[in-house]
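Number of protein chains: 2
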Amino acid sequence: MDVVAEVEAAERRIRPHVRETPLVAAADSGAADMRLFYKCENLQATGSFKARGALSKLLSLSGGEIGRGIVTASTGNHGAATAFAARRVGARAIVYVPEGASPAKLAAIERLGGEIRRHGVDSVESELKARAVAEETGAVFVSPYNDPQVVGGQGTIGVELARALDRFDVVYVAVGGGGLIGGIAGWLKARRPATRIVGVQPENSQVMRQSVLAGRMLELPSLPTLSDGTAGGVELDTVTFPLVRDRVDEIITVTEDEIVAAMRGFMAVEHMMIEGAAGAALAGMARQRASLAGRTAVVVLCGANIALDKLKAILP
Amino acid sequence: MDVVAEVEAAERRIRPHVRETPLVAAADSGAADMRLFYKCENLQATGSFKARGALSKLLSLSGGEIGRGIVTASTGNHGAATAFAARRVGARAIVYVPEGASPAKLAAIERLGGEIRRHGVDSVESELKARAVAEETGAVFVSPYNDPQVVGGQGTIGVELARALDRFDVVYVAVGGGGLIGGIAGWLKARRPATRIVGVQPENSQVMRQSVLAGRMLELPSLPTLSDGTAGGVELDTVTFPLVRDRVDEIITVTEDEIVAAMRGFMAVEHMMIEGAAGAALAGMARQRASLAGRTAVVVLCGANIALDKLKAILP
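So the protein sequences, as listed, match chains A and B.
Here the first sequence stands for residues 1 to 316, numbered as in the numbering used here.
Here the second sequence stands for residues 317 to 632, numbered as in the numbering used here.
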């Protein structure tokens with residue numbers, strides 16, 4: 001895929017529909033020996049960056065495709081984002097979720113107009129069903145990351161960073177399927193080639209990191225992680241793999257304890273709610289803090305969607 | 317005081333220095349029989365609206381006054397806001413706090429460049445000391461609410477509301493010393509006279525409400541409340557009293573349970589952190605929810621500064 005062209009086409013499509021989220025200087029940035037900024041996708045519509053990719057995809061569809069409707073599978077941010085984008089383009093959105101998915105998360109999808117269908121015992125089964133239904137009915141299946149238009153949408157964060165800051169040296173991004181970091185790195189490496197792009201994965205679920213080290217996408221198990229938005233397996237044919245392999249400088253891992261510490265420290269000082277994947281990106285920055293003297297770093301806070309019981313569990 | 321002139325002068329002074337905070341449609345607004353917006357002062361610089369009033373005051377000072385420095389007393393949002401504003405105008409800010417004030421709150425003031433002085437066992441004693449020091453040294457004492465320029469600064473929220481929305485019927489605002497609601501009501505009743513302004517106080521601390529009912533400022537005891545930003549006594553000569561008495565349509569009270577329920581419900585759906593006083597305003601709106609059909613309401617989310625242990629205690 002031509003990622004720069006995809007990002008720039010997405011930028012034109014989605015601009016009236018997404019928030020240009022704030023780039024906030026860290027509260028202790030002034031006293032430190034570096035400049036640190038947070039890109040606040042926690043304040044994006046639907047509470048995460050996923051609104052960008054879903055809008056980019058749905059706004060690229062023909063009237064006929066929109067008429068046949070949208071199908072996806074996700075209990076999380078991507079499901080809410082797809083429902084949100086479908087409402088914007090006037091499409092029906094059916095969202096497959098596993099039996100037993102969290103009612104709070106389903107409520108968010110329904111509030112945005114998505115129609116919930118329960119199928120299967122886990123996300124693999126519900127996704128297979130969603131793909132089969134799309135195949136049968138002619139509806140458009142929207143992947144959370146394995147889609148050029150979706151990746152292009154996420155990459156508009158890079159465009160906004162370049163608009164907001166004359167110079168930045170390093171960007172920290174949590175990595176799951178690679179859509180977010182692939183879009184950002186794909187665009188920045190072309191337009192701001194001196195920028196270092198650091199991916200962050202939880203030690204407990206590092207499929208993309210191990211795959212890049214191996215030179216090909218691997219099927220690997222994952223352990224539970226607070227960074228649930230980046231957890232789990234990745235499709236073997238994903239369009240994001242070459243992007244992440246070629247344009248991301250390194251992918252580092254962080255422990256669950258590091259994620260908790262980063263989230264606590266951030267919330268105590270900045271008073272914004274963030275989800276675990278944003279905590280992973282913060283923890284990655286903290287790991288490399290000593291190397292950042294004199295530099296300008298950006299941490300992408302990818303979303304705010306943390307369940308209140310999880311939030312409670314990590315508070316001191 | 318000529319509150320409209322004060323607000324409009326403050327608007328000119330502070331505009332380059334404050335954030336025009338987002339006015340966000342409530343996530344479930346679409347499905348409801350009303351329109352509901354949140355004015356997100358939780359996303360204001362320093363994490364609360366207090367930055368507006370402190371900037372308004374400090375930007376109104378002469379060079380000589382700035383040279384003699386700023387003194388205030390507050391462990392909370394006003395202390396941080398005064399330190400923030402002082403840095404902007406190049407003044408030294410000394411902030412008196414009681415012995416035993418929470419280290420997390422003091423850290424926020426120090427991060428912003430404020431100099432902490434510990435004095436006395438409670439906020440009354442530390443404020444008396446701050447006023448005495450200002451008197452002795454010629455420094456400027458900055459009151460959190462009993463000051464026309466401070467009230468004018470808080471009122472710029474009304475200006476932003478009028479800029480963002482063609483029409484709104486009701487605004488809910490938490491009430492402590494009355495600076496926030498006095499500034500907002502003072503300006504809106506002149507420029508958008510059909511707007512209903514509803515003040516909200518916790519049942520546990522309702523000095524301003526009882527004072528308005530009595531027709532004069534009263535000295536009354538308060539019980540502890542989650543809405544700590546609005547708690548406690550109010551100066552008997554406060555400039556805010558006539559404003560609140562004459563321009564606020566009513567002041568209602570909410571219980572601690574209602575505040576907790578409102579904060580939980582908001583955080584679960586909107587994924588933003590808010591402090592107890594913002595929860596009080598939300599709870600006030602919830603109390604009147606049945607009367608809001610067909611109308612447009614705004615809840616002023618006055619700040620985000622909640623200690624993590626308090627946040628933990630209210631989560632389900």
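Worth flagging that the hints you see were computed from the coordinates, not collected in a lab.
Mixed in with the good hints there might be a few duds.
Stated by the list, open to error - Quick list of in silico lysine-lysine cross-link-like pairs, DSSO-like style, CA-CA up to 27 Å:
no. : chain 1 : residue 1 : chain 2 : residue 2
1   : A       : Lys-310   : B       : Lys-421
2   : B       : Lys-421   : A       : Lys-105
3   : B       : Lys-421   : B       : Lys-445
4   : A       : Lys-105   : B       : Lys-628
5   : B       : Lys-628   : A       : Lys-312
6   : A       : Lys-105   : A       : Lys-312
7   : B       : Lys-628   : A       : Lys-310
8   : B       : Lys-445   : A       : Lys-312
9   : B       : Lys-626   : A       : Lys-310
10  : B       : Lys-421   : A       : Lys-312
11  : A       : Lys-312   : A       : Lys-129
12  : B       : Lys-421   : B       : Lys-626
Comparing the hints with the structure gives:
no.	hint	result
1	A:Lys-310 - B:Lys-421	25 Å, holds
2	B:Lys-421 - A:Lys-105	33 Å, violated
3	B:Lys-421 - B:Lys-445	20 Å, holds
4	A:Lys-105 - B:Lys-628	21 Å, holds
5	B:Lys-628 - A:Lys-312	5 Å, holds
6	A:Lys-105 - A:Lys-312	17 Å, holds
7	B:Lys-628 - A:Lys-310	11 Å, holds
8	B:Lys-445 - A:Lys-312	39 Å, violated
9	B:Lys-626 - A:Lys-310	16 Å, holds
10	B:Lys-421 - A:Lys-312	21 Å, holds
11	A:Lys-312 - A:Lys-129	34 Å, violated
12	B:Lys-421 - B:Lys-626	13 Å, holds
The structure is inconsistent with the numbered hints 2, 8, 11, although it conforms to all the rest.
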